[in-house]
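**Q** Please dock the two separately framed chains into a single complex, following the hints provided.
These protein sequences, in sequence, are chains A and C.
The numbering used here numbers the first residue of the first sequence as 1 and each following residue consecutively.
The numbering used here numbers the first residue of the second sequence as 154 and each following residue consecutively.
Derived by calculation from the structure, the hints in this document are not laboratory data.
Don't be surprised by glycine CBs; every beta carbon is placed ideally from N, CA and C.
Misleading hints may appear alongside valid ones.
[Unchecked claim] Partner residues are not named here, just some residues of chain A that face chain C (Cβ under 7 Å, in silico):
(1) Val103
(2) Trp104
(3) Val138
[What the hints assert, rightly or not] Partial pick of chain A residues on the chain C-facing surface, computed with a CB cut under 8 Å:
(4) Leu7
(5) Arg28
(6) Asn96
(7) Phe97
(8) Gln130
(9) Ser133
(10) Tyr135
(11) Tyr136
(12) Met139
(13) Gly152
[To be verified] Subject to a maximum C-alpha distance of 20 Å in a straight line, what follows is the list of computed EDC-like cross-link-like pairs (lysine to aspartate or glutamate):
(14) C/Lys225 with A/Glu137
(15) C/Lys282 with C/Asp269
(16) A/Lys143 with A/Glu78
(17) C/Lys243 with C/Asp213
(18) C/Lys179 with A/Glu10
(19) A/Lys143 with C/Glu539
(20) C/Lys237 with C/Asp227
(21) C/Lys556 with C/Glu240
(22) C/Lys556 with C/Glu427
(23) C/Lys243 with C/Asp262
(24) C/Lys352 with C/Asp307
(25) C/Lys201 with A/Asp30
(26) C/Lys179 with A/Asp30
(27) C/Lys556 with C/Asp227
(28) C/Lys237 with C/Asp164
(29) C/Lys473 with C/Asp447
(30) C/Lys237 with C/Glu285
(31) C/Lys556 with C/Glu232
(32) C/Lys325 with C/Asp307
(33) C/Lys179 with A/Glu34
(34) A/Lys143 with C/Asp543
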Amino acid sequence: MVGLSLLRSEIPETLIAQRHLQNRLTRRSDQAVEEIRFLWRVRHSLLPVWYQNELSFFEWGNKDRSNRLPCGSHLMQEELKNGCWRNCQRVEVPANFGLANHVWFHVIGGFQGILIHDHSGGAHVYLLTQPASHYYEVMTRSKRMPLFIGQGI
Amino acid sequence: MGNLIGHLDADCFYASAERVRFPHLKEIPIGVLGNQGACVIAKSYEMKARGVTTAMPIWDAVSHCPEGVYIKRDFQWYEVLSRKMLELLKQYSPTVEYYSIDEFFFDADYLEQSFDCDLPDAVAALQAKFLEQVGVPVSIGVSTSRILAKLGSDSAKPYGWYVLIDPELIAKLLQEQPVGELTGIGFRSGLKLEALGIKTCADLAAADRKMIRDLLTIKGEAIWYELQGESVIPIQVTRPQHKCVARGGSLGGRVTDPEVLNGWLIRNLERLTEALFAYGYQCGRVCLELQLKDRTGWSRQVLLHGHTDAFEALAPAAQKLLRQIDPAGTPVSYMHIIAKDLRTAGQRQLSLLDQQTSLANGLKNRVNQVIGRFALRSGATLTLPELYSDQAHDHEICDIYGKTCF
Numbered sequence: 001m002v003g004l005s006l007l008r009s010e011i012p013e014t015l016i017a018q019r020h021l022q023n024r025l026t027r028r029s030d031q032a033v034e035e036i037r038f039l040w041r042v043r044h045s046l047l048p049v050w051y052q053n054e055l056s057f058f059e060w061g062n063k064d065r066s067n068r069l070p071c072g073s074h075l076m077q078e079e080l081k082n083g084c085w086r087n088c089q090r091v092e093v094p095a096n097f098g099l100a101n102h103v104w105f106h107v108i109g110g111f112q113g114i115l116i117h118d119h120s121g122g123a124h125v126y127l128l129t130q131p132a133s134h135y136y137e138v139m140t141r142s143k144r145m146p147l148f149i150g151q152g153i
Numbered sequence: 154m155g156n157l158i159g160h161l162d163a164d165c166f167y168a169s170a171e172r173v174r175f176p177h178l179k180e181i182p183i184g185v186l187g188n189q190g191a192c193v194i195a196k197s198y199e200m201k202a203r204g205v206t207t208a209m210p211i212w213d214a215v216s217h218c219p220e221g222v223y224i225k226r227d228f229q230w231y232e233v234l235s236r237k238m239l240e241l242l243k244q245y246s247p248t249v250e251y252y253s254i255d256e257f258f259f260d261a262d263y264l265e266q267s268f269d270c271d272l273p274d275a276v277a278a279l280q281a282k283f284l285e286q287v288g289v290p291v292s293i294g295v296s297t298s299r300i301l302a303k304l305g306s307d308s309a310k311p312y313g314w315y316v317l318i319d320p321e322l323i324a325k326l327l328q329e330q331p332v333g334e335l336t337g338i339g340f341r342s343g344l345k346l347e348a349l350g351i352k353t354c355a356d357l358a359a360a361d362r363k364m365i366r367d368l369l370t371i372k373g374e375a376i377w378y379e380l381q382g383e384s385v386i387p388i389q390v391t392r393p394q395h396k397c398v399a400r401g402g403s404l405g406g407r408v409t410d411p412e413v414l415n416g417w418l419i420r421n422l423e424r425l426t427e428a429l430f431a432y433g434y435q436c437g438r439v440c441l442e443l444q445l446k447d448r449t450g451w452s453r454q455v456l457l458h459g460h461t462d463a464f465e466a467l468a469p470a471a472q473k474l475l476r477q478i479d480p481a482g483t484p485v486s487y488m489h490i491i492a493k494d495l496r497t498a499g500q501r502q503l504s505l506l507d508q509q510t511s512l513a514n515g516l517k518n519r520v521n522q523v524i525g526r527f528a529l530r531s532g533a534t535l536t537l538p539e540l541y542s543d544q545a546h547d548h549e550i551c552d553i554y555g556k557t558c559f
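The shape of chain C in the complex, shown without the other chains (with noise of 0.2 Å):
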């Protein structure tokens, strides 16, 4: 059989990571907190079934689970044990879409040749593979479309696999999940569908085409062929081009320092440029977004002189919008730096004014790729010493490159 396509998740995977290089974690219920140490951003099984949920606060997930373990996350190791499941995947199919930090497309079409059986072994002989390789457990979706592949592994949680070609076992399967589960199908758009009485993905994939085309955009179109078994969703091997690039989070607390303030300014902005340097993007605008106090929204904007990824450009642009914040001293609790109107370096006009990289900050680019990430900073970050001397704040998820979903 031709054009299979597969999807490959690991299950929860921060927490099986932990587990690969702490083994006595196994069945214990373990939650792996947020940065800040507020939120559970992962958790195992085991904890899921005492009632704790992704985003829960630390302080209602020992309420459901008091025996459950906290876990700081550590994005530098969960990048290696993602990167040997990508390389891992390789070995058996010549085309897989690095989707997210757990998730992989791939083409599914060579399984069968590489474990020398029928697909259903061979994929659970490629799911055992992923288990004794690179110890974590993965459940496996395959069916001629990437959305109905997506379906199986999803439905097949956890560590578990389904071959998704037998039209009534799909029916079965479209009919269990709800319209909402479905990646593309968000908020608004399963709000429109529920008011046309489409609630499981049954009902989509039953729904006039051009109904759906008219309510939810060539997208929707899109989910609906899918949904028949009709691959028009592609396996992309390279990340589409960035609207836009963005680094940034919370600062752990309000925060009115002018001097802490700007730490972070710098700290965000040399990531930002850190990010443009690695895709190859220079931006013609910086926007600055904060949340002030009582949680309202701040956002400022600035048009550059010319196209940039120069840190000397970008620094004193964006310093200028921080210090539009009216009045000042106004308690700050989120930042983000946000580059815009990206092109391809090489791919802009330029500018009588244009602004390069300098020596200094190519040499610390140079210095940081050999000896570490921030090995070289900003004297303007001194300000966030904490920040620094912890090292696992030195890896986001945002800075795993490659990745074509978050």
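Chain A on its own, in the form it takes in the complex (with noise of 0.2 Å):
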């Protein structure tokens, strides 16, 4: 998956202002509501996360190869379960749309991630996937798909 929409109206205003959101603005339609695109491919990629019980903003996996962290915007389910990553914590990254292989589809209740910090203190956060479903598979031709909250896909 390589990017994720919220609906303006779940952020509050002053979290979009403070974490300059207004650029990530865009509507589907003249009519349509707007939202706020959360992309991999941006040079600065930011997840939404419920953290603390507050929506927050952490930087989307790592981008950075001098990190010690792995690069990327996935961590498999499959190595959270087998121990291969530690200190970190589960979180939920809120989202209304998701965007896999260029086909937007509907979320509902979000996507599990998790948090990790890395040597300097800076956190970051990536998506859990599993294998995919024959559904989802077939929708966006992607092996892998998202831990998805409250949602059969």
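**A** Laid out in structure tokens, this is it:
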């Protein structure tokens, strides 16, 4: 998955201003509600996260090869289960729409992610993935899919 | 004015139903995908305007409408709204036909009295009631026959209505509508009519009745009468007897494993026996239809020992048919099990070899009625774990009972 989108109405205006999210605002049609997009391909990719009962924004994964954290946007759930990652924290990533392989799909409860701190204390959030269901694989042509919260797909 | 028939049709129903529970989807181009995630089975008007058509593969749809949002279909939710629409319409008409999940024919004679205003205002008020109480936009046609009423609602879309009583207005709409759009005029009938220069509904209405009867049988003649405004096809409040009942569909890819194929067979059979029980039918023949590799069709049927709806009788018969695939291991992509030669329970010849539903199966049905569909199911279906882990697969459109059409 390479992007997600959250309704503007779900993000407090103060946070939008504080995190300079205005330039991520978009609409799918003239009359549609405004959304704020979080795409992996942009230089400073962020993810919205419910952290300590507050909506926060953290760096999405890691793009810095000098960092000891894995490069990429996702981590496999299987690796987490195998104990490959310690000192990480499961978090909820809210979303209304997800984007994979150019296909936008509807999201109800968001995704599961994990939050990891790098050596300098910076927080990074990775989306957790699992093998794709038949439906998701056909829809997006992706072999892996995110862990949906409260939604079968 | 007496003897008026109404036709009420939801606008892009599946998309509208999603917007009822997720209002933020309003004005967004949305496409509802089928159970495999491969094709668009319904789309909003915004997506239609970008060139996406029903049954279009998702990859073509994405190229037409990259900003579109795709949603998994949920027939359980659509049925909730469909029945809500049915109940609301019954408040304004004593005679309602549940034609399909989103279409209803009704006796429109009581509309003026119900809303205490003249007919056009009453139709507009009924339309507003649906938007207010169900949340789904509908289009309505009212006229003196079913076909004209449906012509009215079709022509009024989206979110419009027509009262078709004025002959000039009727003539105008008949002229605009291609004859192939009429319910009951299929592809082959359309070709026959086109060969005679009959292209629009107005052409058909102006044609000689006897000639139409000779060409399209009594059904074509009924359409001709209806186009004249004479009602000959009544509103049906109960579903007519089926000729056959079928359950099945895509297997989500090519299946060769005999155990997995048997799992699909048993799943479809459990759905079929459930449907037979719900309709009160017993069948004398069972037919297995498959689509093999290269899209070739394969079909076999077997005569049963007397009429039955018992899973215990149908399962071995269907499994015997499945074993006849030659060569074994041929990939199968579609499967349908069809119950034929139907009799209503209680109106059948008893057999010496009669096999009734066993205690275990009766118990299974009762448990599932209380706990939920497929809560108890045959162990043979354990080869399909993903299918049963997703509740969206529990309800198909054919599981919505009471409709007079598909």
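**Q** For the hint on A/Tyr136, does the least C-beta distance to chain C fall short of 8 Å?
**A** 7 Å, holds
**Q** Hint check: C/Lys352 vs C/Asp307, CA-CA at most 20 Å. Holds or violated?
**A** 18 Å, holds
**Q** Is the Cα-Cα distance between C/Lys237 and C/Glu285 20 Å or less?
**A** 12 Å, holds
**Q** Under 7 Å, Cβ to Cβ, is where A/Trp104 needs to be relative to chain C, so tell me if that hint holds or is violated.
**A** For A/Trp104, the interface hint holds, since the closest Cβ of chain C sits about 5 Å away, which is under 7 Å.
**Q** Taking 20 Å as the top limit, are the C-alpha atoms of C/Lys179 and A/Glu34 close enough?
**A** Between C/Lys179 and A/Glu34 the Cα gap is close to 12 Å, so the pair holds against 20 Å.
**Q** For the pair we were handed, C/Lys325 and C/Asp307, check the Cα-Cα distance against 20 Å.
**A** 14 Å, holds
**Q** Between the alpha carbons of C/Lys556 and C/Glu427, is the straight-line distance 20 Å or under?
**A** 16 Å, holds
**Q** With a cut-off of 20 Å on the C-alpha distance, tell me whether C/Lys243 and C/Asp262 pass.
**A** 13 Å, holds
**Q** Should the hint that A/Met139 touches chain C count as held when the rule is a Cβ pair under 8 Å?
**A** With Cβ-Cβ at 4 Å, under 8 Å, it holds.
**Q** Hint A/Val138 vs chain C: min CB-CB distance below 7 Å?
**A** 4 Å, holds
**Q** With a cut-off of 7 Å, does the beta carbon of A/Val103 approach a beta carbon of chain C closely enough for the hint to hold?
**A** 6 Å, holds
**Q** Classify the hint on A/Gln130 as holds or violated, based on whether any CB of chain C lies nearer than 8 Å to its CB.
**A** 12 Å, violated
The structure fails hints 8, 17, 29 (numbered hints given earlier, in ascending order).
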